[in-house]
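Protein chains in written order, with my numbering: chain R, 1 to 202; chain L, 203 to 404.
Worth flagging that the hints you see were computed from the coordinates, not collected in a lab. It is possible that part of the hints are untrue.
Which bits of chain L does chain R cover? Going by a derived footprint, with three or more residues having C-beta under 8 Å, they are [as the list claims (entries may be wrong)]:
hint	stretch
1	236 to 247
2	250 to 263
3	293 to 303
4	351 to 360
5	369 to 375
In silico lysine-lysine, DSS-like type, Cα no more than 25 Å apart, as pairs [stated by the list, open to error]:
hint	chain 1	residue 1	chain 2	residue 2
6	R	K199	L	K292
7	R	K26	L	K228
8	R	K55	R	K26
9	L	K257	R	K26
10	L	K257	R	K199
11	L	K228	R	K55
12	R	K196	L	K257
13	R	K196	L	K228
14	R	K199	L	K228
Here a beta-carbon is modelled for each residue, glycine too, at the ideal position from N, C-alpha and C.
There are 2 protein chains.
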Amino acid sequence: MARAKFLNSTDAVNTIINEAIPRFAKAGFSGVSMRDIAKAVDISTATLYHHFPDKQTLYLRSMAQAFADKAEGISTVLAEKGTPQQRLTKFIARFTKLMSQDSHFRILLQRELLDGDETRLRLLAEQVFQSQFANVAELAKELAPNCDAHLMAISIAGLVLFHLETTPLRQFLPGGHAEHNDPDVIAQHVTMLLLKGIKGCG
Amino acid sequence: MARAKFLNSTDAVNTIINEAIPRFAKAGFSGVSMRDIAKAVDISTATLYHHFPDKQTLYLRSMAQAFADKAEGISTVLAEKGTPQQRLTKFIARFTKLMSQDSHFRILLQRELLDGDETRLRLLAEQVFQSQFANVAELAKELAPNCDAHLMAISIAGLVLFHLETTPLRQFLPGGHAEHNDPDVIAQHVTMLLLKGIKGCG
DNA sequence: GTCTATATACCGATAGAC
DNA sequence: GTCTATCGGTATATAGAC
Chain R
1 MARAKFLNST
11 DAVNTIINEA
21 IPRFAKAGFS
31 GVSMRDIAKA
41 VDISTATLYH
51 HFPDKQTLYL
61 RSMAQAFADK
71 AEGISTVLAE
81 KGTPQQRLTK
91 FIARFTKLMS
101 QDSHFRILLQ
111 RELLDGDETR
121 LRLLAEQVFQ
131 SQFANVAELA
141 KELAPNCDAH
151 LMAISIAGLV
161 LFHLETTPLR
171 QFLPGGHAEH
181 NDPDVIAQHV
191 TMLLLKGIKG
201 CG
Chain L
203 MARAKFLNST
213 DAVNTIINEA
223 IPRFAKAGFS
233 GVSMRDIAKA
243 VDISTATLYH
253 HFPDKQTLYL
263 RSMAQAFADK
273 AEGISTVLAE
283 KGTPQQRLTK
293 FIARFTKLMS
303 QDSHFRILLQ
313 RELLDGDETR
323 LRLLAEQVFQ
333 SQFANVAELA
343 KELAPNCDAH
353 LMAISIAGLV
363 LFHLETTPLR
373 QFLPGGHAEH
383 NDPDVIAQHV
393 TMLLLKGIKG
403 CG
């Protein structure tokens, strides 16, 4: 017994984090126990504590990993060529697809907006969003030179994210259909709304 | 000792729920213990369990109360007179102010979008949003007869709510200022964006 | 209706053998 | 590096006196 389950310590840590991420996304920090995670990886809690000094550290490492994975993807969603309108259209399509592909990142982001302290939020902003947020704000400036780029960038991201966020509620609201959860449908609606306003969405 | 702390059972229940709501909003279901709530109301846990059969029931009653309080407020935010543009402008101003006035409702809504099961989400949709959601969708139809009213209503609410939701993150993102958290600033930005699109927000 | 006391289970975290 | 065993604390929930 007690045979090594992992190739090395790095392998063990990665395996643990990859099991922890979806669980923290689903139930939040206080909704997941170290025993849950240990059982999922099929190790004892003592072994888990050998790899991570405490639960808080495991949580932070899991967040950092989930966010690092996604920051990489986000850095490639801004198109370089075309008119500002074309680049906005392309960005929204890519961003919507990226955010709906796996929901763990988006859900962890939502949880951090609710529960994150200043340190974690600053990390999230600086290491995940800052660079691309600035690029989107820049793009907004090109489309509307006198607009508040910060507000506009938040609006662009918010339109996409809120449609994904309300997916479980949508079916119970008037006019809700399954097709409304299709990333392409959402992206097209958001793009139209941004470029033409409510009147252009006909 | 053991003197009655409340006028009657209804008074006790209301007091408990009013203490529970902000705590569930701040820390979520699993982040608040029955002991926490009992201590806040200055009763024993046994007394708390005399008024509520279990924690789940107390949580559901607290949500129902918080949502009922707000549903009342929401039902008055749609103006009856003026052009569709004027009514949209008025609605966004009122809705933004209502949602930012006390944050408990909005935060509990965010938590339910993350953690709510089908029963709770259906209740939330039907008893809180349905009626006003339909009215907003109707207003969207007036402004853009061929648009998807459901998507548009989600977008309108989402623009406002996401700006409030990202308040704690905003200060760490490029261009973020405290004025961006002002309900009037948010409402004006959202209204402009909806009525004129990104180009009108100059 | 409110209490003290407690049953029972789970929590985070650790000791110490191998 | 992994385990069994367990510590000390807290969780939900209940029993029974007043």
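Here is what the structure says about each hint:
no. : hint             : verdict
1   : 236 to 247       : violated (count 0)
2   : 250 to 263       : violated (count 0)
3   : 293 to 303       : violated (count 0)
4   : 351 to 360       : holds (count 9)
5   : 369 to 375       : holds (count 5)
6   : R/K199 to L/K292 : holds (18 Å)
7   : R/K26 to L/K228  : holds (18 Å)
8   : R/K55 to R/K26   : holds (16 Å)
9   : L/K257 to R/K26  : holds (20 Å)
10  : L/K257 to R/K199 : violated (48 Å)
11  : L/K228 to R/K55  : holds (20 Å)
12  : R/K196 to L/K257 : violated (49 Å)
13  : R/K196 to L/K228 : violated (38 Å)
14  : R/K199 to L/K228 : violated (39 Å)
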